[in-house]
Every structure is written in C-alpha cells, then in structure tokens.
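Participant: Letter by letter, the chains look like this.
Protein chains: 2
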Amino acid sequence: MTMTHQKDLKSVFTTKDLDFKPAAKLTKKDLNASVTKAEYAVRGAIPTRADELKEELKRSSNSLPFNNIINANIGNPQQLDQKPLTFTRQVLSILEYPVILKVDHEKLASLNLFAKDALKRAQRLLDDIGGSVGAYSHSQGVPGIRQTVADFITERDGGEPAFPEDIYLTTGASAAATSLLSLLCKDSQTGLLLPIPQYPLYTASASLYNAQVLPYYLDEEADWSTESDEIERVVLDALKKGIKPSVLIVINPGNPTGAVLSESTIAKICLIAAKYGITVISDEVYQENVFGDVKFHSMKKILRKLQNLYPGKFDNVQLASLHSISKGFMGECGQRGGYIEIVGFSQDIRDALFKLMSISICSVVTGQAVVDLMVKPPQPGDESYDQDRQERLKIYNEMLTRANLLYETFNELEGIKCQKPQGAMYLFPKLVLPEKALRESKRLNIEPDVLYCTALLESTGICTVPGSGFGQKSGTYHVRTTFLPPGTQWIQDWRGFHQEFFDKYRD
Amino acid sequence: MTMTHQKDLKSVFTTKDLDFKPAAKLTKKDLNASVTKAEYAVRGAIPTRADELKEELKRSSNSLPFNNIINANIGNPQQLDQKPLTFTRQVLSILEYPVILKVDHEKLASLNLFAKDALKRAQRLLDDIGGSVGAYSHSQGVPGIRQTVADFITERDGGEPAFPEDIYLTTGASAAATSLLSLLCKDSQTGLLLPIPQYPLYTASASLYNAQVLPYYLDEEADWSTESDEIERVVLDALKKGIKPSVLIVINPGNPTGAVLSESTIAKICLIAAKYGITVISDEVYQENVFGDVKFHSMKKILRKLQNLYPGKFDNVQLASLHSISKGFMGECGQRGGYIEIVGFSQDIRDALFKLMSISICSVVTGQAVVDLMVKPPQPGDESYDQDRQERLKIYNEMLTRANLLYETFNELEGIKCQKPQGAMYLFPKLVLPEKALRESKRLNIEPDVLYCTALLESTGICTVPGSGFGQKSGTYHVRTTFLPPGTQWIQDWRGFHQEFFDKYRD
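Chains A and B, in that order, give the protein sequences.
Residue numbering for the first sequence follows UniProt numbering, beginning at 1 and increasing consecutively.
Residue numbering for the second sequence follows UniProt numbering, beginning at 1 and increasing consecutively.
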C-alpha cells in the first residue's frame, strides 16, 4: 500500500520540477518582533528549570537535595492543596452528562453524589445554554449567565445596576485583557500606564500590540500603595513626549503585591481617567482574596458614586473590569473562565469589541457555567449551603495561616523585608542582598534576584519568580511567592536556605 | 452606609481638583485600525439579524412568516441535531467530579450511568492531568494527552512517527491559527497565501496582524480544486511586488467548499513550500468529515513521503497542522479544544511559540481531555465500543443524507448550481441571479448574494452566509449553508423561497 502511494507520488514530479535549491528555513528574525521581544517570567527560565528538575526526580528520586518541586511560582491553587468546591463540580458533572438528570431520583439519591440544588442549578444552566455545553454560545456568552453576573455586580456594588449587555464572558482574564488591549492599542504612540511591580501579562501584551509602556511605581514603604500623584506625573511626562496615555491598568488586589486599593485611591484614579480621557482596565480577579478587615471596593462602584456626586464630571470615564474563576474560592484555573464588564463605552467601541470576540467565536461554555457558579453560590436553605460555606472557610483559613507564617518568617530573617499580606495569593518581599551576592550575579551576568531564586530552587525545590520579572525600582530586588503550597515544611526549608545563602555571601 | 461612603468620597476632592473639563470619549478612530477593519461574516450582519428575529419570535410566535430560525450559518452541530458521543460525556462528567470514582462500584453500576471503560479512561486522564481539571496544565498541554495525539497521528499517517513535543494543545483551531499567525506575520510586507473562497478567520487574522492577503483562487468548475500553478503564479507575482510570501494556508477538507485535496495536489503544495521557503498552515479540522470513497490525506503524511522519496529536497519545509474537537464526530464546539502539530521548525521558532502560548497560560483542560477522547475512541472489546460506533454511524448517515438532499435540491432549481459534497459540513452553491436582482442589490448598495441571503432569512428563517463573506471570483455569487439543521422541511422551504425569489426578479 505504502509502496503504491510512493509510486503515485513519484509520478507527480518531473526531474525538472525537482531541479530547485530548497529555500532557507525560518529564523527568529523572520518572526513578528513584537512577539519575540515579549517576556513572561511566570512561566520563564526558573519555572522551566523546575520542570527539568521534576523530570530528573521522576527518573531518580534521590539524585537531588530535595524530594519534590514546590510550585510557588504561579497562582494555581488546585495544582496544590486547594480542593474544588463540591457544589461547582457536581453541577459541572451534570452539565457534561445531562443523562444524570433523567435517572430515577430516588436511586440517584441513594448514591449521595448530587445535591438537589446542584441538580436544579444544572437544569437551569442547561436551559440557559440551550441544551448542550458542546454548542458554541453567543460570542458575548450565554445570556442567562450574563444576567446572573449582572445581578451579582448590582448586589456587590450596593445596588448600582449592572446589565447583561455590558458583560462579556471570556476564556479567563488573560484572554480578556489581551482582547481589550488589542483593540485599545492604536499604534506605537499609544501609552499603557502599568503599575510596577506588575503581573507581566500586561507588559507582554504591550509588547504584542506595540504600545509604549508608561510605568507608574507603587510605593513599597506604604504597603505598595498606588499614588495618584505618581500616575499623574507619568501622564504629564508622556504627553510632553508626544505619547498618548490611552489605557491605565489597575490590579486590585495587587499582583504581585497583594495591596488592596482604598475608596479614595480609586476615586483619584477615576479623576485622572476623567481629566485625561484615559480608559481604565481594572483587573479585579483577586476580589475574593482579601484578608481580615481589609475590604475590596470595585472601580465600578466608586465610579458610579462619583458620577452621582458630581454630575457631568465623571460621565466620560470608560472602564473595563475583569474577573476570573481562577482565583478566590473557586481556583478553577484549568476551566478557563472570566468576564469583562464595560462601562461608558460608545456603541462603536462595543461593536468592535463584539466583532473581535466573535472571531474566536465564544469562550468555553463550561467555563461560562463556572462564572455563574462563582457569582451565585448556594444560598442559606439550599442543600449544599453548609458544606459549601465550610469548604470556603477552610480555603480562607489555610491561605491566611500560610500567608502569615511566611510573612513572619521573612521578617525574622536578615536581608529580607515583607509587607503585611492584605489580599491576592502572593507575597513580594524585598531582598537586601550582600555586596558579594551582587558581585557574583554581575559575574554571571544575571539579575541578583535571579541568582537568589535559582539558588533557592536548586537547593530546596521551591520555585518562585524573581522580582525582575514583574519590574521593580532600579537597585531593588524582590521575589514573588504564592502562599498556596500545602504544609509548612517548605517554609522551614526556605528559612534554612536563606540563612545559608547569606552565610555564603555575607560581606 | 452608602451615605457615609459618599461623605467619605466627598472629602477626597477639593473644588480645585474638580475644576477640569472632562476629556472626550473614545471614538472608532482611537482604536487599533487592524481590529476595526477585520471582517468576520460567519457571525456578521445576517446572523445578527437572525438573532433579532429569534427574539421577536420569543415575544410573539406568530408575528413572522416562520416559526423558528434555522441556523445554517455556522458549523455548530450540537446547537442542532447532533448529540454528543456518550462515551465522551461520561468521561468528562467523571473528570469534573472524580468523587464518582470512589462510589461503591456495584451501586454505581446499578444506575447504568457510566461504562467501565469510561471510568478507566477518566482515571488515566486524571493521573495524566495531575488530579484536577481545575489546575493550569503545562502551557503546551498535558504531556500524556500529547502522547495520545502523537500515537494517533503516527497511526493515521501510516507509521510516520509523531512526537508529543511537537504537539500544542489549544483552545480550538481558531486560537491555534491566530497564535501561529501572530508569530509568523512579521510586518506589512508579509504575504499570507489564502484560498478564495475561504473561512474568514484567516482574512480577519491577516488584518489583525497587518499582513498582506495574497488570494489564490480555487477552481469551482473542477469541484473547487486547488491548483498549484495558480498558487505559484500568486507567489511569483507577490515577489515581483516586493511582498514576501511567508505563509500558505490550506484548508483540507475545504471550508466553505468541502473539497478534499488529492495526494498529488498536496505534494505540489509541498514543492512550492520547499522551493520558496513558505511555511504551510494546514487546517485539517474536517478530516473526519469525508463522504463515500473520498479519502483524507494529511499534509504531514505526504510531506514525510516526499522527504523519504527525495532526500534533501523537502527537509526545509515547515508545516503546522491544525485539528479540532468542534467538527467530525465529536462536534464539541463549546468545549473549545484542538491541537497544532508542528514539523520542521527550528528551536528558536519553537521557543517563541511556546512563550506566546505561555502568555495565555494554557488551554482549557477539559477541552484537552476531549482531544484525547477524539483521537482515541473506544476500541473493539471495550464496553462502550458498540454504542459508540452506532452513534458515529448515525451522525455520518444523517449528515450525508441531508448533504445529498440539499445538493440535489439546488441542482434541480434554476439559477443555482452546486458541486458534489465531498467533505466538511458545508455546501457553497453558485447563484446565477437575474439582472433585475443585480440591479436591485445595486440600488440597495449591497452585494447580490447579501440580497438573496437576507430575503431567504426574512421569508423562511433560514440563516446562511453570503459568498461575499468568504471571497469569490468577481462577478460570481454564492451562499454557504451547513447541512446540519435537522429534518428536511427547511430544505423544502428553501426551495419554495428560491422559486418565489426568481419569480420576483425574473427579467
């Protein structure tokens, strides 16, 4: 058979046809430079090295000074200790296989697999979706789910109404941010105001869409606060240079800093947006991850309040808020879901955004369903309510406990200083490294925090991301770690490593 | 409470702070022109009008001359008649809720919900995934699933080995294509060779990434065949104009044409790629959708054969093949899954592609699992095998029956001519419209096929896409319809409409 085919193929070409010099292969310089120059440290060199070490441990479990890799480099809760919420997964299981709804109810109940409210919610979602999660949905997302999201926002923001037509369900917040930026980055004179330090998705997107990064620095000494004076300074500076400050990115709660914005800070950001006509993208994916008496305030809520307080002054503000199922109590990273709420955009811009989203047809429908479950958890009186609450409480307590332990450990050690955890899943302590370590990193031609994080990985298996991957004030060095890995042994290991590192490099 | 907050906010600004003139809002001209000029007819004006009519029918079911909208505009099988394969959904249901695996086996078996091989496959996938579909996977996709894909390709291509490191699992084929094109479109002198007619994702992407579209025309009279002479003519023409023909898109089986490429045609395409150093993207998402004795040949298989036959001549060819879970027997559009296999790319290019994919972290993990299920269905001897085969046969037969009925209907009517269905999910008949219809469309300033498709929608509720959305030879007009809508009444309705339309406009 193969022989016949090859004979067939042989007859396709004459000798003359084949008398050509094969062309050269692609090289890096043939690629889109915007893509090749983009950087994304969260899955960069150190996590890649961690993957190699993981493979090495699989081949030979005692070849390294540690037994496993602790992935503290990425907010991926279910890779680690965090269990999915039972209610969420019961509903998803039924959505995937609606035959379950047709089984004899008593027989099904005897297995104790699915709660009544899970069956009910699955039925409602299937009705909204149109029967099957395997069909493409509306490009903006299933209308019924967008209604649930709008109801949630209305309640969260103290009654300020939200509308399903302003909601776009997305394949996670990364896809949401890149869609918005691809639309809003007009040309190389477009300025993107980005917090530094900052989750590198935004610098990578700025590179992909050829925009100018306009960094505004967060104030580490004031718990990584956002200073509107600093933002305005950057805006004015850009305008002087002929760059149009078009988009302002806010991450609240912060990544990697964990800082949570106050109402007055948000109000001041809205003022800058109103004054200079800057579109705000408010990345609020960690809105459920706030600790103690810290309170999350949405940009939308404060904007609406200002619009009510000062008629006409803030009506021009254009805001896109992002949320995600990957963080908070869901931690459903792999399910890829999220939403954008837009406020104040004209019909032209809405149409363009819709068209852009329709090119990728729709976001994953099960991910859309998880958004519904995130914003509308079981309520008191529902069969799943108690278990759901307990599961949430456990997640919250474990995260808080580990965050505090890490924070205290860092602050007990020499040469490392950490701000108090307020929110998100990360700590971003500052490293004050000895001169000898700085010289060594210079010799190796790497950043000093890369030296530290590499040594940490190679000695303990703890995988983190150097602060240079997020941006930091020149001459300062940091490390970003999640506080997701289970147990406390790794924190002790880190302590041991840190002391050895300082002993080695102490001046 | 709200009052206190508003008071707080009131104290934030001084009168001087508020003494500013609010800036103007964004207009279309402030957006990225590459996005605003992109077009995507599959969810364009006519489908949008269909959505409006659907809403109107909901409000008042007898206000229109039809009772429902027939969505023949998009290959969305599960929106219509096609049922998901039972085995797929059983496995997915377990993946979402692995507690099912811990239920007493006998008790579970009494419900007859999950087959033994479904339980086994789910366990294997969970092991490969690392325990939870809610965790981010490796950016290239779960290694074990990539191995299954590589095994499938190896077998499909007659033993030519495929490797998991060459596989990238993606959020559907659209995301795969746009990722590849964003990397390969270097600048405005990059030429994209695109078949005309063509699924408009590619023209839209060319616009998004500022590439030059280099159209090559398919030969309608020869069953929409792809002529390598035509491609080479376009290549030479582009070179003369200083445009670098960098990427050649092939859609096999074709969308919207349904044409399936022969081995010799594929070989000739490989020759052009080798001679001119053009990277080939082979969109093979309809590879399961071929009818009768038509056989699908992958670009990769033919390339490998040529490399064996003519050492040194074809080794430089760089190929990316796309597949998807949205079409074929799965039809799992809403689950968003697919893969890219790359061949011949240097390490630099691979690294850049990996980085690009890591910026969006990973594709949806359940979608990755569906890829596994697509390429490795139940085998003879497995509990699910018989049912699975029957379900596939039913899908195949129903599609073929409707395709043939539509084809015959079109060819019985005046002024419409259709090529014989070979594959994919579409027919793309040519409309030979009367002069009066052409004049009417001129008067309305719309394309003649838009006039036809709009009238079809408004009279019958049948939603199609005009040929102008896919590109067509100047002066020819077409309509693309899927053959997915259930039943045959709609085909009779279309017949009736067509006759009336011609009666109305007959010269």
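For the record, the hints were derived by calculation from the structure and aren't laboratory data.
Any given hint could be a false lead.
Since the list can't tell identical chains apart, any single copy or any two copies may satisfy a pair.
Said to hold, decoys possible - The list that follows gives simulated cross-link-like pairs (lysine-lysine, DSSO-like), each with its CA atoms no further than 30 Å apart:
1) 10 x 313
2) 16 x 313
3) 28 x 102
4) 58 x 107
5) 436 x 295
6) 37 x 244
7) 355 x 58
8) 295 x 275
9) 436 x 107
10) 301 x 10
11) 313 x 28
12) 430 x 417
13) 240 x 295
14) 420 x 430
15) 29 x 313
16) 473 x 442
17) 504 x 54
18) 417 x 240
19) 58 x 473
Participant: If a hint holds in the structure, say so; if it doesn't, say that too.
Facilitator: Verification of the supplied hints:
no.	hint	in the structure
1	10 x 313	between (75 Å within a copy, 13 Å between copies)
2	16 x 313	between (74 Å within a copy, 13 Å between copies)
3	28 x 102	neither (56 Å within a copy, 50 Å between copies)
4	58 x 107	neither (44 Å within a copy, 37 Å between copies)
5	436 x 295	neither (42 Å within a copy, 68 Å between copies)
6	37 x 244	both (22 Å within a copy, 22 Å between copies)
7	355 x 58	between (47 Å within a copy, 25 Å between copies)
8	295 x 275	within (27 Å within a copy, 63 Å between copies)
9	436 x 107	neither (70 Å within a copy, 66 Å between copies)
10	301 x 10	between (70 Å within a copy, 15 Å between copies)
11	313 x 28	between (49 Å within a copy, 22 Å between copies)
12	430 x 417	within (5 Å within a copy, 72 Å between copies)
13	240 x 295	neither (37 Å within a copy, 64 Å between copies)
14	420 x 430	within (12 Å within a copy, 69 Å between copies)
15	29 x 313	between (48 Å within a copy, 24 Å between copies)
16	473 x 442	within (18 Å within a copy, 62 Å between copies)
17	504 x 54	within (26 Å within a copy, 72 Å between copies)
18	417 x 240	neither (37 Å within a copy, 63 Å between copies)
19	58 x 473	neither (39 Å within a copy, 58 Å between copies)
When each numbered hint is compared with the structure, violations occur for hints 3, 4, 5, 9, 13, 18 and 19.
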